[in-house]
Amino acid sequence: NAGVTQTPKFQVLKTGQSMTLQCAQDMNHNSMYWYRQDPGMGLRLIYYSASEGTTDKGEVPNGYNVSRLNKREFSLRLESAAPSQTSVYFCASKRGLAGLTDTQYFGPGTRLTVL
Amino acid sequence: EDQVTQSPEALRLQEGESSSLNCSYTVSGLRGLFWYRQDPGKGPEFLFTLYSAGEEKEKERLKATLTKKESFLHITAPKPEDSATYLCAVPFSGGYNKLIFGAGTRLAVHP
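Top to bottom, those sequences are chains A and B.
The letter at position 7 of the first sequence is residue 102 when you use the numbering used here, and the numbering goes up by one with no holes.
The letter at position 65 of the second sequence is residue 196 when you use the numbering used here, and the numbering goes up by one with no holes.
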């Protein structure tokens, strides 16, 4: 099992460019998440998908869109990148059992720089 | 407002010098507390889940404990390989799906 995989590992964009970050999990999990991590601020939730076919906003959704492509894949899109979106992005997944706070498992991250 | 605060921000220990990291939280109706370890350039790695006050979990040199307002991660006789950032997280009030994370404690253990 690869667990949670993310591509690319690194990316540099110019202001205004667009890109999509890809995430896939092979653990048959129902729920998937996108976070950003900035120095001194911890992980902040951007969007999540509690189950296939649903998506919801997290703490910091502005400037991002997501697509739950199927049960395995959850992508994050930046339509018009801004320097404030320079960050490390993590994808996570969990089984998503009803009525239980089960464990989230994280991918290795994508380091994004917007010039 | 839901909040998770970790202290200290950074901790430097000598090998073998035991200490504790703190995670305090303000959420209503705690539905679990998670500890993760994060190495530089990598994603968070799950360590423990605690669900109720008084619960304790152990793994090698680490022991996590939980009260109604805070959790401690005790590190006994640490080694340099224990150097990492330790994160704690709790679910937002009223739900099971979303976690709120603390900013983490950066631990450095020197030989």
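A portion of the hints provided could be inaccurate.
[To be verified] Cross-link-like lysine-lysine pairs, in silico, DSS-like; alpha carbons within 27 Å at most:
| hint | chain 1 | residue 1 | chain 2 | residue 2 |
| --- | --- | --- | --- | --- |
| 1 | B | Lys210 | B | Lys194 |
| 2 | B | Lys173 | B | Lys194 |
| 3 | A | Lys104 | A | Lys152 |
| 4 | B | Lys199 | B | Lys173 |
| 5 | B | Lys200 | B | Lys188 |
| 6 | B | Lys188 | A | Lys109 |
| 7 | B | Lys229 | A | Lys166 |
| 8 | B | Lys229 | B | Lys173 |
| 9 | B | Lys229 | A | Lys104 |
| 10 | B | Lys188 | B | Lys199 |
| 11 | A | Lys152 | B | Lys194 |
| 12 | B | Lys173 | A | Lys166 |
| 13 | B | Lys229 | B | Lys194 |
| 14 | A | Lys166 | A | Lys109 |
| 15 | B | Lys188 | B | Lys173 |
| 16 | B | Lys199 | B | Lys210 |
| 17 | B | Lys190 | A | Lys104 |
| 18 | B | Lys229 | B | Lys190 |
| 19 | B | Lys210 | B | Lys173 |
| 20 | B | Lys229 | A | Lys152 |
| 21 | B | Lys229 | B | Lys188 |
Hints are computed from structural coordinates only; laboratory data are not their basis.
Values in this document were obtained by computation on a predicted structure and should not be read as measured data.
Structure-based check of all given hints:
{"no.": "1", "hint": "Lys210(B) x Lys194(B)", "result": "15 Å, holds"}
{"no.": "2", "hint": "Lys173(B) x Lys194(B)", "result": "23 Å, holds"}
{"no.": "3", "hint": "Lys104(A) x Lys152(A)", "result": "24 Å, holds"}
{"no.": "4", "hint": "Lys199(B) x Lys173(B)", "result": "31 Å, violated"}
{"no.": "5", "hint": "Lys200(B) x Lys188(B)", "result": "17 Å, holds"}
{"no.": "6", "hint": "Lys188(B) x Lys109(A)", "result": "46 Å, violated"}
{"no.": "7", "hint": "Lys229(B) x Lys166(A)", "result": "18 Å, holds"}
{"no.": "8", "hint": "Lys229(B) x Lys173(B)", "result": "21 Å, holds"}
{"no.": "9", "hint": "Lys229(B) x Lys104(A)", "result": "25 Å, holds"}
{"no.": "10", "hint": "Lys188(B) x Lys199(B)", "result": "16 Å, holds"}
{"no.": "11", "hint": "Lys152(A) x Lys194(B)", "result": "34 Å, violated"}
{"no.": "12", "hint": "Lys173(B) x Lys166(A)", "result": "24 Å, holds"}
{"no.": "13", "hint": "Lys229(B) x Lys194(B)", "result": "25 Å, holds"}
{"no.": "14", "hint": "Lys166(A) x Lys109(A)", "result": "32 Å, violated"}
{"no.": "15", "hint": "Lys188(B) x Lys173(B)", "result": "24 Å, holds"}
{"no.": "16", "hint": "Lys199(B) x Lys210(B)", "result": "30 Å, violated"}
{"no.": "17", "hint": "Lys190(B) x Lys104(A)", "result": "30 Å, violated"}
{"no.": "18", "hint": "Lys229(B) x Lys190(B)", "result": "26 Å, holds"}
{"no.": "19", "hint": "Lys210(B) x Lys173(B)", "result": "20 Å, holds"}
{"no.": "20", "hint": "Lys229(B) x Lys152(A)", "result": "10 Å, holds"}
{"no.": "21", "hint": "Lys229(B) x Lys188(B)", "result": "23 Å, holds"}
Violated hints, listed in ascending order, are 4, 6, 11, 14, 16, 17; each of the other numbered hints is respected by the structure.
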